[in-house]
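Required output: the full structure, derived from the provided sequences and hints.
Number of protein chains: 2
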Amino acid sequence: MRRVKNLVVAVAAVGFLCASPGFGAPSPTSADEGALEHNFDALIHPEELRAWMKLLAAEPNHVSSPHDKANADQILAWFKSWGWDAHIETFSVLYPKPLSETLELLSPHKFTATLQEPPIPGDSSATATDPALPAYLAYARDGDATAGLIYVNYGIVDDYKVLERLGVSVKGKIVIARYGSGWRGLKPRLAQEHGAIGCIIYSDPAQDGYSIDDTYPIGPMRPPQGIQRGSVLDMSLYPGDPLTPGIAATSDAKRLQISDAPTIMKIPTIPVSYADAQVLLASLQGPVAPAPWRGALPITYHVGPGTAPVHLAVKSDWQLGAIYDVIAMMKGSTWPDQWVVRGNHHDGWVFGASDPLSGQVALLAEAKAFGSLAAHGWHPKRTLVYASWDGEEPMLMGSTEWGEAHAAELKRKVVLYLNSDANERGFLEVGGSHDFQHLVNEVAGEVTDPETGVPIGQRLRAKIRIAALAPTAPEHIKAEAKIAADPGKDFPIEALGSGSDFSVFLDHLGVPALNVGFAEEGRSGGVYHSRYDTFEHHSRFVDPGFIYDALLAKTIGRLVERVADSELPVQNAGGLANAISEYLEQVKKLADEEREQAEAQAGLLHDRAFQLAADPTKSSGVPAALDRVPHIEVASLEDAIDRLKRSAKGYDDALAKNGAHLSPTQLARLQLLMLDIDQTLAPEVGLPGRTWNKNLVYAPGRDTGYEAKTLPGVREAIEERRWSDAPRYAELTANALNAYSNRLDQATIVLNGK
Amino acid sequence: MRRVKNLVVAVAAVGFLCASPGFGAPSPTSADEGALEHNFDALIHPEELRAWMKLLAAEPNHVSSPHDKANADQILAWFKSWGWDAHIETFSVLYPKPLSETLELLSPHKFTATLQEPPIPGDSSATATDPALPAYLAYARDGDATAGLIYVNYGIVDDYKVLERLGVSVKGKIVIARYGSGWRGLKPRLAQEHGAIGCIIYSDPAQDGYSIDDTYPIGPMRPPQGIQRGSVLDMSLYPGDPLTPGIAATSDAKRLQISDAPTIMKIPTIPVSYADAQVLLASLQGPVAPAPWRGALPITYHVGPGTAPVHLAVKSDWQLGAIYDVIAMMKGSTWPDQWVVRGNHHDGWVFGASDPLSGQVALLAEAKAFGSLAAHGWHPKRTLVYASWDGEEPMLMGSTEWGEAHAAELKRKVVLYLNSDANERGFLEVGGSHDFQHLVNEVAGEVTDPETGVPIGQRLRAKIRIAALAPTAPEHIKAEAKIAADPGKDFPIEALGSGSDFSVFLDHLGVPALNVGFAEEGRSGGVYHSRYDTFEHHSRFVDPGFIYDALLAKTIGRLVERVADSELPVQNAGGLANAISEYLEQVKKLADEEREQAEAQAGLLHDRAFQLAADPTKSSGVPAALDRVPHIEVASLEDAIDRLKRSAKGYDDALAKNGAHLSPTQLARLQLLMLDIDQTLAPEVGLPGRTWNKNLVYAPGRDTGYEAKTLPGVREAIEERRWSDAPRYAELTANALNAYSNRLDQATIVLNGK
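Residue numbers (my numbering), protein chains in the order written: chain A, 642 to 1395; chain B, 642 to 1395.
Each hint should be verified, as a subset may be incorrect.
Same chains, same label: a pair holds when it works inside one copy or across any pair of copies.
[Claimed, not checked] Keeping only pairs whose Cα atoms sit at most 25 angstroms apart, straight-line, the calculated BS3-like set for lysine-lysine is:
no. : residue 1 : residue 2
1   : K1229     : K695
2   : K1052     : K895
3   : K1130     : K1286
4   : K1119     : K802
Please keep in mind that the hints were generated in silico from the structure rather than gathered at the bench. A quick note: this is a predicted structure, and the numbers were derived from the prediction, not measured.
Right under this line is the structure:
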């Protein structure tokens, strides 16, 4: 799994963030550090990454496949051979494997969906000996349904509002949704919430097929028979094993009954190719789909139902399966109880070349390089923990269970978690905790992009500026471009939602995290979670020469080394304060806009404008009346942010002024205060209805999945019209921010030698 | 022909216009007028319109076809039978008819485009006895070209900028452009200007095919073999006979040589269906087309060229052909030398049911009703001139030549020209001279929409308000919605460009004009200019029951009657003043934005941002550096608009206060001053490089065609970087506005009895 952006419209998830005022220009790299990094880079060999991927991607490597275990053993052996103290940690998670799948259109002529991805000559899909699992959606409920079919576009919240206006109900029906515009698992969840009894998800060529570029094997995009597999567990409720929320899925753990596990879907769900989907969609009648709902198939998209019912049946073997996390440690020479954790998963859906092995081989290259440096006398001051996770695809199992197993120790020791996942040729893409934004900018200013010869940060800034030229670019993109044009300011990093192994750290433990990768040019999305995500596809299209996979190793390796060896805390508090301040502005604007919208809609309803503007020969109803939106009490939150800005400035200034002159006692006290400061943002209370998610600054959107919701307690309360939750979470979030400011103020006192 | 909006994105051509401050609520209809209009409406019978259309659309009726002449004779007979003084006026215009057409892809397997529209059972296309002309583009140059093919998207100005950045030249190549986003004739004109030697235009299903709705005969949209014919004369230079610019194409007129006629294209050009186009487009290689260039065919759109050359040959018979305008007059009882002219063309491309006969039968219904009223004792105070134009499709021939033949008389006598063209079920759509905007609002407030039972103006206001809810709605649409929500303000009418028979009146003679129709729900665009624009298609989809064609007759009939019988001038000067004021704001904003864009681009070029943001493995160059944009001297124009606002308020107030109390002498003086006041806006000088176009407020865009450019002398000078023309035309436009204000002031003096 990885966070997939819609290839057609990359929606910026966050607003612009102001730069860190404390630092100004990036601090120069010391001579020692420069030499070390130079040595590190010289130890990264693209041809090694290529050989590792070829081996790891030779056979299907999904959870419980022989090659998954073999890969874990292989990775363990490599870590050990490179001098790391490594072991495999095993968990037992619920892992359903498909037994049978059927999808048919029953009349006038029976059509049986192929549900198959034929092998492509010259590609691993044609030569692997170990059969992959059939394409399926893990954790869809067993079921057998026959009913009329309704096309629901992406199947997200707004789509059901449109259906309601069209007078089309999915109750008792099977829905067909296209991939895109939100997390896969939302589609069956929202379908079942609206009364559907089955769900089909297909890949429209508008998103990742022939509309975008030529299809594989001619080009990188999804061929007509390509199918996107995946998990449909309810990710934003809690990730990890569905039977052991909040605790480790050890062999003796207390487990929920399957029927009680709230993250498992309630309806049968199946993924299909666009070759199969076209037949189903062409059979639909009823209203013509609204313009934004139309994909790139050569048909008139109708909403349905058609004349013929659809028969959908899926059945899985619901067993516990073993997952194998490979954990490698390199003990810190100075502060062994301060950990820098670095992870990437090793399980795929089939061959998993781009996802996840492109990131995995980068991680391996870093580990080998650090091992080599250690063999020649360098030792990290803090402990390095390198984790090769298993079971990420079914739902971040390896990282989540490990995080839950070692929660107390991790909260005590982890300075930063660094994640990667699928990687490709292109632009730097970083999301995460904004107190590390300045560090990211420093490193991005020093690592050279191989395609252009300029630092990766400079290239990213150019991209941000050019994106703002689009006539439809929204205001926040234009504001971001202004920042990007000023080399004295830090370019913004994204807020993280979910969809990869950072989740347990950031969302649950409150440990700060960064997710780092390169993206956009490699078109790995064209074979995402299909049988065609192969070594050949990756080598031909996604990262020819393994240049960007090697670059990922150099980039993250440098971040790891900086965090591991820095005497002083690497956080910049101003970056976080500015980000949160911007998020509050967004939330206030959201409330104002929702209020104006409700008022405008009331006027339109009163004047019957919706009826009068509609074609009376077509079905189109009136939208449901919007609640009036009260004013939300956010004064305490505004005060807390004002204070955070002051405290951040005080801290950043004091660090810049006095950081170099601290006594060992002062340094120890400072480190202690700053090590777990981010955890103040994730108090025990958690988010309403999904308390596994503790972080009050970042969360996966309940109705978006991958995409982050910032200040989620307040923002989602407004979005979901939970009017009493909004002020309550404004207060809780204010308290969390004040706790962060308290820590900063204590640290400032230490820095100022008082 | 008619003004076709892109079915996918209806771009609002003009900004918002403030309401007329002078009048406030619509003036009540007098009892007499109400009774008359009631009687008029009762004389409009949909079943008559249906029968007329069935007869007129029974055989192909293009210029020079037997049925075209037969229709003129039939219409003449009807006018006479209804008591009108009618005659046929004939002109001889250059009218090329296709002799041969060839389009082939030469390798690897030879593909010969069908260029055919097969008959559809149950449709006139299968039963007509008279063969239509082959589908062709009139006034494309004869030629035979073999060359590589390049896809140029819509083939408009911005598309060639994109091609330049992609490093793709069309020099010596054949281009293929899709219909949409600008006037058809721009595509070969711009292609030849960029060095192409041939041009293919096709209908992409994204614009009017299966993407929008089911295709004919199941639904209304363009079937795979449907072809859009049309004229490619250079419309915005001058319409009408290409050999007699500015003078009437009488038999003895002095004519240009064909080779000297500047409006005739220089390269062979051919229209094709999307069934044929798909084969050509699928053969292309080279860069993948940018996202906005991709249509709805199930292929990856490449820019080209492909491996195989294309062979294109067209040859026409270049002869003079006769066109037959049917002119019917009903003499005014009080002011016979003040004319209200009403027109709609009768020639089509094949059967021409929707275009133009839907508007033609409305015109006939009005004429019959006025004839009947006249037979029962009512007589218009002003003279009615009803014109059934011929030769509109080849390029507004009938109206233009008639306008040029009678220029002096028309300028002396015409109070208003009222035009219609293709009509369909849906919403009122009016464009034209803004001093008549208030009149339109009055009538629109009284005519009932048959689908909703509310006045057509109220329904239009609802549509405007709902359109502004779209998340991407631009600011001027939101501003327009605010006006539409206020029943005390006039909803805005559009500015007119070209594409129908109003052009000679508005653009050349300076006579005010209104173009009136109903649109949007009928989907006539799906068969536009194809063999499938038949009686059956119109009856089934475009206006079942001929309800909206009848409604058009009621709406325009009411406008005609008001203008014909009003003692006082019907103009409202405030409507015009506000519109022009808004246009100047747009022009100033345009200059500012162009200036900012040039400055921003200079910074991006300096920082090499375009290169750094690009994928170096794909061809993408740097955009051409934009000129720095000087500040434009518009003070005189601003002064003139300030004055116009004052003069308009003075006039409108005086008219409201004293209009009812004028002596016959005062009334005569007032009428004389106001009759031709709009002509002050169209001084002899004309627009730069296209002096046939005299109007300095409205013009067809040189690079848009259908769409209007307001304050064109200034606006297009900025757009086209003609920096010396901009202040010159600001001054000329200011003079024209001052002349209008002078007239208003004189009229105000009359009204105030001084």
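Checked hints:
1. K1229 x K695: The answer is neither: 50 angstroms in one copy and 61 angstroms across copies each exceed 25 angstroms.
2. K1052 x K895: within (23 angstroms within a copy, 94 angstroms between copies)
3. K1130 x K1286: within (17 angstroms within a copy, 49 angstroms between copies)
4. K1119 x K802: Between. Shortest inter-copy distance 23 angstroms satisfies the 25 angstroms Cα cut-off; intra-copy 31 angstroms does not.
Hint 1 from the list above is the single one not met by this structure.
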